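Could you put together the complete structure from these sequences and hints?
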Amino acid sequence: MSAGNANSLTSSGQQSIEEVSHPLSAEESVLSSPDTANADLSLLNGTPVDTSSPASSSSLVNRLQLDDDLNGETHDLFVSVDDPKKHVSTMETYITYRVTTKTTRTEFDLPEYSLRRRYQDFDWLRNKLEESQPTHLVPPLPEKFVMKGVVDRFSEEFVETRRKALDKFLKRVADHPVLSFNENFNVFLTAKDLNSYKKQGLALLTKMSESVKNVTGGYKLRSRPLEFAAMLDYLDVFTQKLGTIDRIAQRIIKEQSEYLMELRDYGPLYSSWAAFEGELQKPLKSVSECVTSCATALEELTDDMSEDFLPVLREYVLYIESMKNVLKKRDQVQAEYEAKLEAIVVRKEEKIGVPMDVEKCQDRMECFNADLKADWERWQNNKRQDFRQLLTGMAEKNIQYYEKVGQIVRSMYKSQV
Amino acid sequence: SMADCGSEEVAVIGNTDITDEESQDNKNNMMAEGSCLLRKMEISVAEAEKRTGKNAVNMQETYTVYLIETRPADSVTEGHNPVPDSLWRRYSEFELLRNYLLVTYPFIVIPPLPEKRAEFVWHKLSADNMDPDFVERRRIGLENFLLRVASHPVLSSDKIFFLFLTEENGWKEAVFETGFLAKSDSRLKALNATFRVKNPDKRFSELKHYSDELQSVTSQLLRVRARVADRLYGVYKVHGNYGRVFSEWSAIEKEMGDGLQSAGHHMDAYAASVDDILEEEEHYADQLKEYLFYAEAVKAVCRKHELLQYELETASQDLASKKQQQEELAAGTVRTFSFKGMTSKLFGQETPEQREAKLKVLEEQIKEGEVTVTEKTLECEEFVKNAWKDIERFKEQKDHDLREALMSYAVMQISMCKKGIQVWTNAKECFSKM
Chain A
1 MSAGNANSLT SSGQQSIEEV SHPLSAEESV LSSPDTANAD LSLLNGTPVD TSSPASSSSL
61 VNRLQLDDDL NGETHDLFVS VDDPKKHVST METYITYRVT TKTTRTEFDL PEYSLRRRYQ
121 DFDWLRNKLE ESQPTHLVPP LPEKFVMKGV VDRFSEEFVE TRRKALDKFL KRVADHPVLS
181 FNENFNVFLT AKDLNSYKKQ GLALLTKMSE SVKNVTGGYK LRSRPLEFAA MLDYLDVFTQ
241 KLGTIDRIAQ RIIKEQSEYL MELRDYGPLY SSWAAFEGEL QKPLKSVSEC VTSCATALEE
301 LTDDMSEDFL PVLREYVLYI ESMKNVLKKR DQVQAEYEAK LEAIVVRKEE KIGVPMDVEK
361 CQDRMECFNA DLKADWERWQ NNKRQDFRQL LTGMAEKNIQ YYEKVGQIVR SMYKSQV
Chain B
1 SMADCGSEEV AVIGNTDITD EESQDNKNNM MAEGSCLLRK MEISVAEAEK RTGKNAVNMQ
61 ETYTVYLIET RPADSVTEGH NPVPDSLWRR YSEFELLRNY LLVTYPFIVI PPLPEKRAEF
121 VWHKLSADNM DPDFVERRRI GLENFLLRVA SHPVLSSDKI FFLFLTEENG WKEAVFETGF
181 LAKSDSRLKA LNATFRVKNP DKRFSELKHY SDELQSVTSQ LLRVRARVAD RLYGVYKVHG
241 NYGRVFSEWS AIEKEMGDGL QSAGHHMDAY AASVDDILEE EEHYADQLKE YLFYAEAVKA
301 VCRKHELLQY ELETASQDLA SKKQQQEELA AGTVRTFSFK GMTSKLFGQE TPEQREAKLK
361 VLEEQIKEGE VTVTEKTLEC EEFVKNAWKD IERFKEQKDH DLREALMSYA VMQISMCKKG
421 IQVWTNAKEC FSKM
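In order, the protein sequences belong to chains A and B. Sequential numbering of the first sequence, starting at 1, is according to full-length UniProt numbering. Sequential numbering of the second sequence, starting at 1, is according to full-length UniProt numbering.
Where hints are given, some of them may not hold.
[As the list claims (entries may be wrong)] Taking lysine-lysine and the DSS-like style, the derived pairs with C-alpha atoms no more than 30 Å apart in a straight line are:
1) B:Lys-208 to A:Lys-404
2) B:Lys-428 to A:Lys-164
3) A:Lys-324 to B:Lys-254
4) A:Lys-282 to B:Lys-395
5) A:Lys-383 to B:Lys-254
6) B:Lys-254 to A:Lys-164
7) B:Lys-433 to A:Lys-324
8) A:Lys-171 to B:Lys-395
9) A:Lys-404 to B:Lys-237
10) A:Lys-168 to A:Lys-373
11) A:Lys-414 to B:Lys-398
12) B:Lys-208 to A:Lys-282
13) A:Lys-397 to B:Lys-428
14) B:Lys-433 to A:Lys-383
15) B:Lys-419 to A:Lys-241
16) B:Lys-237 to A:Lys-397
17) A:Lys-171 to B:Lys-254
[Said to hold, decoys possible] Computed from the model, here is a short list of chain A residues facing chain B with C-beta under 8 Å:
18) Leu-115
19) Val-159
20) Glu-160
21) Asp-175
22) Gln-256
23) Tyr-266
24) Leu-269
25) Ser-272
26) Leu-280
27) Pro-283
28) Val-287
29) Leu-327
30) Arg-384
31) Val-405
32) Arg-410
33) Met-412
[What the hints assert, rightly or not] Ranges of calculated distance between the beta carbons of each label pair, as one might list FRET restraints:
34) B:Thr-194 to A:Gly-278: 49 to 55 Å
35) B:Ser-216 to A:Arg-251: 31 to 37 Å
36) A:Lys-285 to B:Gly-53: 48 to 54 Å
37) B:Gly-257 to A:Arg-153: 52 to 58 Å
38) B:His-400 to A:Arg-251: 41 to 47 Å
39) A:Arg-251 to B:Gln-422: 48 to 54 Å
40) A:Arg-116 to B:Lys-254: 41 to 47 Å
These are computed hints drawn from the structure, not numbers from a lab. Computed from a predicted model, the values in this text were never measured in an experiment. Quick reminder that beta carbons are idealized off the backbone N, C-alpha and C, glycines included.
Laid out in structure tokens, this is it:
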């Protein structure tokens, strides 16, 4: 890892392509000199590519290639978040999580790392990623602020829910072909003293991010390309549906909780009946125990919904927000480009500096579009997997509940006949 | 079977070939055999119908009538399916029959009727007496009542009961002709006895206490069960909302669409399944209700005992005080205060003739009193003997029935779980294809 190199790996066409390392070629030298750039590229996709053009289609192909290979499940970077621990100091109380990394990438000095991070650190990482990779979709973090007094920040359930979300966040970054090579990510995973890095305020920004940052707002978008308009439409409807599903899930939890309350009254009644019966005492008592056990099974089902189902739904709402923001930024970049184009037409006589500016804008826009499209595809795939997993998980929990209850009642029945 | 009841006759009721005389003969034979009418006769409440007519105050009313069908027990054989005899009765006639039985057999725990009005209703269930589900459950309850009476060792041989099943017209007159109304004890009399009886049979006191507890716990159970049903309904129905949202969501998806859509259908099916589940559970509630009402019938027997015991105690007390008066009069001393004594002190002693007359009256009264006490004692002993016999029978029946009810309730729950597993497994498969 080149500590001195302030440039992180980005998708900018302006950036030299050789900086982009292919996960499969981890054994090869990453920081190849400009001379070998072309050679590297032709190795990847077999066709000679032109890296001189700013609107480098090669970077596009390169990226798609990377995506394909990643979807082919050849991971060389594994991360996990676990083992939450409470830290009490005079100033504050907080939770840290163990972050473990296992990798064969040469960007990493060691094959394994294990260190502790707190939520603040994850938040820092996310902000850095967004800053340095504005054309990419950065996965969301669980909510930062929780209402004190309403939610217990140190309860087992809360901490576990948060841990799962942080683990998911990190894994999503690790799976991303561009984000996972981000310098900030590397530092997060490996630096013993993260705080001093933060303090140094290493502007691990790229030329691209700089240029995107410099996009002044206020340009009006003429016409949004169909595919991006379609993305926005999709996100709008999807947000709506997620909201509805969230409400339904909450309703179910509420109804189940009330059902549970009634069962807790119901069971003991059979017990009190048994108390003044003779022959009926045994069956009545076992019915009472049966109802009580079933109530416990129901409670487990409801807790699972709260702890596993709802948080994932909500996380996707955050994800959609991030995606919308990236789309907005893209719109801005396109708007600026269009404005500059118009300016040329109006001021034909001014040839100095304008073409460069316009070309830069066009390049910026096209790279952004490419990155976004690639991330969109990846996001759609992940979304599909995530929801498949979420919903089959929900169905499975219900199956287990009914199996449990059926077992309880069946054994009660057998004991009485 | 016929043989059990020792009859050589073959009842051919329902066969239209027989003469009126033969029909009457058959009926008499059925009656004469005594117990276990149910062994000789198939009884069912087959249908319910709405009728409109004018009531006692000449106002138009709508009511339900129930079709009682009867047929000899062994009349259905291969290729031979005779049409049963039938008649229509309304709920008030059942009530009349039961009241007659209550008065005529106070030492028997009389089977209860299904409830007059729907109680312990969970929200979706109608409390309307005209609701078809209520009418259907009532039909079953009325049939159950008739079967209970027909299989009772004492009640099944009652003539009025038999006529109830077989004589549509003139039955009401026959009931009133028995004069049972005159025999019924007033509530006031019964209440009075409850409070003032000194030495009730301990077994009856305990039984009354048990009945109170049974009433209390079954009504609590019924109330909570209704709330449980309500909540369960809510849980299932909310899942139905998934159906619609999955359908809408699938419209904007490409590969995920089919899986989502079909999973949604299963969620709809899941939501719909709760209606049948709860309909079945009502049967369990009805079984609990029957014993809630049975508890009241047991208390009625206990009350009758208290009344008889009180009457005996009163008669014994009267006799004892009369005997005491006789003693005092004969000895010439006044040990107990009496106005007579006072006035005689004030206005002069009685003449020997007067005293003689009084003694004679007292003697007569004492003789009568002794007869009364003997009668009452016998009545009490008979009552206790017969009542306790039926109570033992009732206890066995109760233990058996409630145990069965609990077990079939368990079976319902197991079936509900099986259905749940099925639906969610189907949904899971759809989700996994997303």
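Do the hints match the structure? See the list:
At most 30 Å may separate the alpha-carbon atoms for a hinted pair to count; B:Lys-208 and A:Lys-404 exceed this at roughly 41 Å. A hinted pair counts as satisfied when its Cα atoms are at most 30 Å apart, and B:Lys-428 with A:Lys-164 qualifies at roughly 23 Å. With a C-alpha separation of about 20 Å, the suggested pairing of A:Lys-324 with B:Lys-254 holds against the 30 Å cut-off. A hinted pair counts as satisfied when its Cα atoms are at most 30 Å apart, and A:Lys-282 with B:Lys-395 qualifies at roughly 16 Å.
Note on A:Lys-383 and B:Lys-254: the hinted pairing holds, with a Cα-Cα distance of about 12 Å set against a maximum of 30 Å. The hinted pair formed by B:Lys-254 and A:Lys-164 meets the criterion: a straight-line CA distance of about 29 Å does not exceed 30 Å. Pair hint B:Lys-433 plus A:Lys-324 holds up; C-alpha atoms about 28 Å apart against a cutoff of 30 Å. A hinted pair counts as satisfied when its Cα atoms are at most 30 Å apart, and A:Lys-171 with B:Lys-395 does not qualify at roughly 68 Å.
Between A:Lys-404 and B:Lys-237, the direct Cα distance comes to roughly 22 Å. Compliance with the 30 Å bound is thereby established for this hinted pair. In summary, the hint linking A:Lys-168 to A:Lys-373 is supported, as the alpha carbons are separated by about 22 Å, within the 30 Å threshold. In summary, the hint linking A:Lys-414 to B:Lys-398 is supported, as the alpha carbons are separated by about 21 Å, within the 30 Å threshold. At roughly 23 Å between alpha-carbon atoms, B:Lys-208 and A:Lys-282 fall within 30 Å of each other, so this suggested pair holds.
With a CA separation close to 10 Å, the supplied pair A:Lys-397 and B:Lys-428 stays within the 30 Å bound. About 14 Å separates the Cα atoms of B:Lys-433 and A:Lys-383, which keeps this hinted pair within 30 Å; it holds. Taking the CA atoms of B:Lys-419 and A:Lys-241, the gap is about 28 Å. The hint holds against a cut of 30 Å. Among the hinted pairs, B:Lys-237 with A:Lys-397 is consistent with the structure: their alpha-carbon atoms are about 18 Å apart, no more than 30 Å.
Distance restraint check for A:Lys-171 and B:Lys-254: the Cα-Cα separation of roughly 26 Å lies within the 30 Å cut-off, and the hinted pair is therefore satisfied. Using the Cβ-Cβ criterion of 8 Å, the hint placing A:Leu-115 at the interface with chain B is not satisfied: the shortest such distance is roughly 37 Å. Because the beta carbon of A:Val-159 sits about 29 Å from the nearest beta carbon in chain B, more than 8 Å, this interface hint is broken. Violation of the interface hint for A:Glu-160 is found here, the shortest Cβ-Cβ separation to chain B being roughly 24 Å, above the 8 Å cut-off.
Interface restraint check: A:Asp-175 against chain B, minimum CB-CB distance 20 Å, threshold 8 Å, status violated. Satisfaction of the interface hint for A:Gln-256 is found here, the shortest Cβ-Cβ separation to chain B being roughly 6 Å, below the 8 Å cut-off. The interface hint given for A:Tyr-266 is met, as the beta carbon of that residue sits about 5 Å from the closest beta carbon of chain B, less than 8 Å. The interface hint given for A:Leu-269 holds, since its Cβ lies 5 Å from the closest Cβ of chain B, which is under the 8 Å cut-off.
This hint holds: A:Ser-272 has a C-beta 6 Å from the nearest C-beta of chain B, less than the 8 Å allowed. Because the closest C-beta pair between A:Leu-280 and chain B is about 6 Å apart, less than 8 Å, the hint holds. With its C-beta approaching chain B no nearer than about 5 Å, A:Pro-283 sits inside the 8 Å limit, and its interface hint holds. Here the hint on A:Val-287 is kept, as its CB sits about 6 Å from the closest CB of chain B, short of 8 Å.
Here the hint on A:Leu-327 is broken, as its CB sits about 16 Å from the closest CB of chain B, past 8 Å. Interface hint at A:Arg-384: satisfied, since its Cβ lies 6 Å from the closest Cβ of chain B, which is below the 8 Å cut-off. This hint holds: A:Val-405 has a C-beta 5 Å from the nearest C-beta of chain B, less than the 8 Å allowed. Checking A:Arg-410 against chain B: minimum C-beta separation of about 6 Å stays under 8 Å; hint holds.
Given hint, A:Met-412 at the interface with chain B, holds; its Cβ is 6 Å from that chain's nearest Cβ, closer than 8 Å. The hinted range of 49 to 55 Å is not satisfied by B:Thr-194 and A:Gly-278, whose Cβ atoms lie roughly 26 Å apart. Judged by the Cβ atoms, the range 31 to 37 Å given for B:Ser-216 and A:Arg-251 holds: they are separated by roughly 35 Å. Between A:Lys-285 and B:Gly-53 the beta carbon distance is about 51 Å. The supplied range of 48 to 54 Å therefore holds.
For B:Gly-257 and A:Arg-153, the hinted distance range of 52 to 58 Å is not satisfied, since their beta carbons lie about 40 Å from each other. Between B:His-400 and A:Arg-251 the C-beta distance comes to about 43 Å, which sits within the given range of 41 to 47 Å. Between A:Arg-251 and B:Gln-422 the C-beta distance comes to about 23 Å, which lies outside the given range of 48 to 54 Å. Look at A:Arg-116 against B:Lys-254: about 42 Å separates their beta carbons, and that is inside 41 to 47 Å.
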